[in-house]
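Residue numbers (the working numbering), protein chains in the order written: chain A, 1 to 337; chain B, 1001 to 1359; chain C, 2001 to 2085.
These are calculated hints, taken from the structure and not from any lab test.
Backbone N, C-alpha and C define an ideal beta-carbon position, used for all residues, glycine too.
Any given hint could be a false lead.
Among chain C residues calculated to face chain B with C-beta under 10 Å, some are [unchecked claim]:
{"#": "1", "residue": "Ala2028"}
{"#": "2", "residue": "Phe2062"}
{"#": "3", "residue": "Ser2081"}
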Amino acid sequence: MEKNILLGHGSGGRLSHDLISNLFFKHFSNPVLAGQSDSALLKINTADIAFTTDSYVVDPVFFNGGNIGKLAVCGTVNDLAVSGAIPKYISAGFIIEEGFPYDDLETIVSTMAEEARNAGVIIATGDTKVVNKGQCDKLFINTSGIGILEEKYRPISSGETIQTGDGILINGSIADHGMTIMAARNFGNFTTDIKSDCAALNHMIREILDAGCRVKFMRDATRGGLATVLCELAEHNNLGIEVYEQHVFVRENVRGICELLGFDPFYVANEGKVVMVVAGNDAEKALQIMKQNESGKEASIIGTITGQPKGKAIMKTAIGGTRIIDMLAGEQLPRIC
Amino acid sequence: MEYIDEFRDAELVKMLVRKISSAAHKDIALMEVCGGHTWAIQKFGIPSLMPKEIRLLSGPGCPVCVTGRKYIDQAVAYSRLPEVIITTFGDLIRVPGSTSSLSLEKSKGADIRIVFSILDALKIARENPSKKVIFLGIGFEATASSSAAGVKKAFNEQLKNFYIFSSHKIMPPAMSALIDEGIKINGYIAPGHVSAVTGTKIYEEFPVKYNVGCVISGFEPVDILQSIYMLVQQVNEDRYSVEIQYKRVVPSEGNIKAQMLMAEVFALRDDWWRGLGILKNSGLQVSEKYAVHDAEKMIEVEVEKTIEEKGCICGEILKGLKKPSDCKLFGTACTNSNPVGACMVSHEGACNAYFRFNK
Amino acid sequence: MCLGIPSKIVSIDGDSAIVSVGGTEVEASIELLDDVKVGDFVLLHTGFAIQKISPEEAQETFEILKRLGEIEDELEAEVKSRKPN
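The shape of chain A in the complex, shown without the other chains:
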């Protein structure tokens, strides 16, 4: 039935997966893409390089806690960092709708410069295009990034060294970013003080790696939220995952707006959260390092890798029940039922 691209194809859920497998992978098929990790891992001469790209089309472009430029830099820095790489260089391509205010563009660009400085990356190259009014929605940004990857961190992207007993950590509260955007779209006219969690995580991650914690896997929990990361991890690596709902922190004000709209926070996007699988004995140490970091003050150990059932992520609910965490079809929609 469906011949058009739907919003759901870009939402990070099952529809996105199907589009990638059936269209892109079919034509672009190669072993690097088959790895399906956040950063492409390359070997050039004697240096291992992590390479990633992402496009940012968020509406509205300004929101509580940041703007599209902050997302563009932090998002790409994080994609490199969660592969275990040290982010080095970023490219930035801009597609701007005719009539977009100059001052707004300047604010966004200066935010990007500041975030890049703080993260220690260089915006090494860029491009600008302007299109007629109506041909794009205000501003789109693409950033690609290159990082240096030590050989020993290669397995982090695939999670191939994960074992039963490894701990699963996240560096703080979930659903802040996605719900900030929902609120900012003026849907339902909500007044709220919730704020995007957008942040670069590379320094925190580097500290954990340098401290010798055996990190087996990392992924940033963006579109599709924490649940999607857990689900993909379980399915892709044929692992059993058990997560405790009570250990996953959701801020009160975020809970409120989730309840109002009927959203499940587990599936809502984050922009400053990394899900980390760490060897059982190192989990506590990694947690302490997270907590000492600005971006990890509310970190917690949320679950473990279990033996069974394979390929499934299970949640132990706050009341002691059990349910399977599955992927959403497309985007979450506000519901009445």
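Based on the hints, put chains B and C in the right spot on chain A.
Below, chains B and C without anything else, positioned relative to chain A:
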């Protein structure tokens, strides 16, 4: 959060589970008829806590699931009219019609907007006087009363470009139909928010006519478990009645103001329910007085012939006769990213809940 | 029927009110209710407050549950006291 967290208390849950387990001496089938209950039961993992004697059935309480394809086909047809803005709850966007869906039409450029409330739809109508704004009214008595308030507001304001396309239905005819069909139900977990509007009187015939008790339940785990316990006790003591577990929200008379508004704005009609067929006086159409806001009467449109889904057993699932896993299409041709039947689309349809939480 | 959220009335303006759910505020219609005041909790459904929430009834529900739990403890104690050492 107040009035939510206390009713998710793990200790209370454990205690209720123990009480239910020790009280359940024989096989008992309890049906909930509210999509919100289906969803809550699955989300909190309540089936995993029940003793084997208790069977929790999911009935036709999801308004999206029981709505026929014809409604979607007509909504799609309206959306193709250039002067129309469709306003709808998010629940309907992905429901498949015969050859299209609202989500597909939106991708082709139709003006379809998701709203939080009929009040948002009224606002859109005020802001777009040259457009016809059609609100897709789905839901049972709780939502219907809000729709009634919205339609009356439009009438009083003379908001001539606002219309409702009603698929509102009422619960009791479906609850009777299930028992009349022979579905074995020992008790109903009755919908808390419908009852907040209607009060207890709509359930009074069930203990009398059918020896089936109804416990009006809230939506938190403690609520649902306490309601299950109350129903088990009714069965054990062989005394059937309508009880309110959700006392903090539901008074026995319900909301009289809302009931009167509904009676004024809507009139009963026979309506088609997936799985149950046509039930007498089970649907709500806009009454004569408010006909100027009735999309069906005021806006002419050609609707394609309805093509029903083949192989989909949503009907039997809605009656609790079969489980989603019994359907040949479940998980293969019908998945939550490519739904065939409404039970899979709706966030709280039995198939969707089953697919996401149990597969 | 489904998504009904307990929300607190923060301010009232005629038939409209601002209600708060965990800190997020939204406008709601209170035209379906009589005698609502600031500080009351109401059940919010699709932008309308459809019922008031009664703190007394909520308390009573807990009393019933507490009593249920106590009966259980009493029974357990009785069973224990009957067991030989």
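We went through each hint and held it up to the structure:
1. Ala2028: 8 Å, holds
2. Phe2062: 7 Å, holds
3. Ser2081: Not OK, violated: Ser2081 (chain C) not within 10 Å of chain B, min 19 Å.
When the structure is compared with the earlier hints, a violation turns up for hint 3 alone.
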